[in-house]
Amino acid sequence: MPPPFHPYGDLLLLVVPTALYVAGYKSPTPPLKRQERRNITGVIESDIRLQFFALILSLPALLLTTSEVIIRIAQHIAPSLVYRIAPSLFVLEGGQASNLRFTPLRYLGLAMMLSGSIIRLMAFRKLGKFFTFHVGIQKDHQLVTSFPYSIVRHPSYGAMCVAQPSVVILHWAPGSWLYESGVLFSWPGAVIFGGYGLFLFYHSTFILRTRVLQEDRMLREHFGKQWENWAKDVKYLFLPGIY
Numbered sequence: 472m473p474p475p476f477h478p479y480g481d482l483l484l485l486v487v488p489t490a491l492y493v494a495g496y497k498s499p500t501p502p503l504k505r506q507e508r509r510n511i512t513g514v515i516e517s518d519i520r521l522q523f524f525a526l527i528l529s530l531p532a533l534l535l536t537t538s539e540v541i542i543r544i545a546q547h548i549a550p551s552l553v554y555r556i557a558p559s560l561f562v563l564e565g566g567q568a569s570n571l572r573f574t575p576l577r578y579l580g581l582a583m584m585l586s587g588s589i590i591r592l593m594a595f596r597k598l599g600k601f602f603t604f605h606v607g608i609q610k611d612h613q614l615v616t617s618f619p620y621s622i623v624r625h626p627s628y629g630a631m632c633v634a635q636p637s638v639v640i641l642h643w644a645p646g647s648w649l650y651e652s653g654v655l656f657s658w659p660g661a662v663i664f665g666g667y668g669l670f671l672f673y674h675s676t677f678i679l680r681t682r683v684l685q686e687d688r689m690l691r692e693h694f695g696k697q698w699e700n701w702a703k704d705v706k707y708l709f710l711p712g713i714y
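Just so you know, the sequence shown maps onto residues 472 to 714 in this note's numbering.
I should point out that these hints are in silico values taken from the structure, not numbers from a laboratory.
Watch out, some of these pointers could steer you wrong.
Said to hold, decoys possible - Cβ pair distances, simulated, as ranges:
#1 Ile-663 / Asp-687: 29 to 37 Å
#2 Gln-506 / Ile-544: 47 to 55 Å
#3 Val-540 / Arg-688: 37 to 45 Å
#4 Leu-483 / Val-705: 29 to 37 Å
To be verified - SDA-like cross-link-like pairs, simulated, lysine to any residue; straight-line CA separation at most 20 Å:
#5 Lys-504 / Gln-613
#6 Lys-610 / Pro-501
#7 Lys-706 / Arg-691
#8 Lys-706 / Pro-619
#9 Lys-703 / Lys-610
#10 Lys-706 / Glu-686
#11 Lys-610 / Trp-698
#12 Lys-703 / Leu-684
#13 Lys-597 / Leu-710
#14 Lys-610 / Gly-695
#15 Lys-504 / Lys-696
#16 Lys-597 / Thr-500
#17 Lys-597 / Leu-690
#18 Lys-703 / Gln-613
#19 Lys-706 / Gln-685
#20 Lys-696 / His-612
#21 Lys-703 / Val-683
#22 Lys-597 / Pro-501
#23 Lys-504 / Leu-598
#24 Lys-504 / Phe-601
#25 Lys-597 / Ala-494
Note that CB positions come from ideal geometry on N, CA and C, so glycine has one too.
Work out the full structure, taking the sequences as your base and the hints as a guide.
Here it is, written out as structure tokens:
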């Protein structure tokens, strides 16, 4: 028998955090004008490459959630059909579609994805037109220092560094479609998803080591004393009291 299915709760637990996560990789503003961009070492400026990176960061979470949602809906509507068809479509030999479930580790992943995505979208909203995927200073640029920028100086990047590992925790853990289907343990799955996990680690490390520090320097040069006063009050980049 398939595990207990709660039509609203189970699906919402997967769909809502994933939808917010994907939304966090859709630029809230048009591309910054070229004359307003700043040359920063190692930062992607090409519009196409930025869109490609955003797609790479968000698409796996969307596809993995979609696969699990399809199986869960099918288990509820036509369980006997699932066990006849699923092995050929969604489950490899030795995998068990009936083992899909939420575990404490997966709940942690959901909490990280939800909280990180909400904070990132809050940063989008607070900065408004000044939040761009390109690095630069606009003609009428203002230094925004109200919440969440009154807590840390780069809340959107901090939120991203929380949300990105959540994809691995949620979808690589026992009980997930990727784990229970056997895909994660096939050599193509191990290569693709292992590589994706390394990519997420690299991207988060790049943000910590490169982009944020250079953005801070750019803002300090442009706003001068105003930035220095803000930095005295808001000492941390990502995590209050830590970093």
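Consistency of the hints with the structure:
Checked against the hint of 29 to 37 Å, the pair Ile-663 and Asp-687 passes, with Cβ atoms roughly 35 Å apart. Between Gln-506 and Ile-544, the C-beta spacing of about 50 Å keeps the proposed range 47 to 55 Å intact. For Val-540 and Arg-688, the Cβ-Cβ distance of about 44 Å falls inside the hinted range of 37 to 45 Å, so the restraint holds. Remark: the range hint 29 to 37 Å for Leu-483 to Val-705 is upheld by a beta-carbon distance near 34 Å.
Restraint check for Lys-504 and Gln-613: satisfied, since their Cα atoms lie roughly 17 Å apart, inside the 20 Å limit. For the suggested pair Lys-610 and Pro-501, the alpha carbons sit about 15 Å apart, so the restraint of at most 20 Å is met. Among the hinted pairs, Lys-706 with Arg-691 is consistent with the structure: their alpha-carbon atoms are about 14 Å apart, no more than 20 Å. Distance hint between Lys-706 and Pro-619 is fulfilled; the C-alpha atoms sit about 13 Å from each other, no more than 20 Å.
Under the criterion of a C-alpha separation no larger than 20 Å, the hint pairing Lys-703 with Lys-610 is inconsistent with the structure, at around 26 Å. Pair hint Lys-706 plus Glu-686 holds up; C-alpha atoms about 15 Å apart against a cutoff of 20 Å. For the suggested pair Lys-610 and Trp-698, the alpha carbons sit about 17 Å apart, so the restraint of at most 20 Å is met. Restraint check for Lys-703 and Leu-684: satisfied, since their Cα atoms lie roughly 16 Å apart, inside the 20 Å limit.
Pair hint Lys-597 plus Leu-710 holds up; C-alpha atoms about 18 Å apart against a cutoff of 20 Å. Taking the CA atoms of Lys-610 and Gly-695, the gap is near 16 Å; set against the 20 Å cutoff, the hint holds. At roughly 26 Å between alpha-carbon atoms, Lys-504 and Lys-696 are farther apart than 20 Å, so this suggested pair is violated. For the proposed pair Lys-597 and Thr-500, the alpha carbon gap of about 13 Å is at most 20 Å, so the pair holds.
Distance restraint check for Lys-597 and Leu-690: the Cα-Cα separation of roughly 17 Å lies within the 20 Å cut-off, and the hinted pair is therefore satisfied. At most 20 Å may separate the alpha-carbon atoms for a hinted pair to count; Lys-703 and Gln-613 meet this at roughly 18 Å. Among the hinted pairs, Lys-706 with Gln-685 is consistent with the structure: their alpha-carbon atoms are about 16 Å apart, no more than 20 Å. Only pairs whose Cα atoms come within 20 Å are accepted, and Lys-696 paired with His-612 is accepted, the gap being roughly 15 Å.
Taking the CA atoms of Lys-703 and Val-683, the gap is about 17 Å. The hint holds against a cut of 20 Å. Between Lys-597 and Pro-501, the direct Cα distance comes to roughly 16 Å. Compliance with the 20 Å bound is thereby established for this hinted pair. Using a Cα cut-off of 20 Å, the hinted pair Lys-504 and Leu-598 holds, with the two alpha carbons roughly 17 Å apart. Using a Cα cut-off of 20 Å, the hinted pair Lys-504 and Phe-601 holds, with the two alpha carbons roughly 12 Å apart.
Taking the CA atoms of Lys-597 and Ala-494, the gap is about 16 Å. The hint holds against a cut of 20 Å.
The structure fails hints 9 and 15 (numbered hints given earlier, in ascending order).
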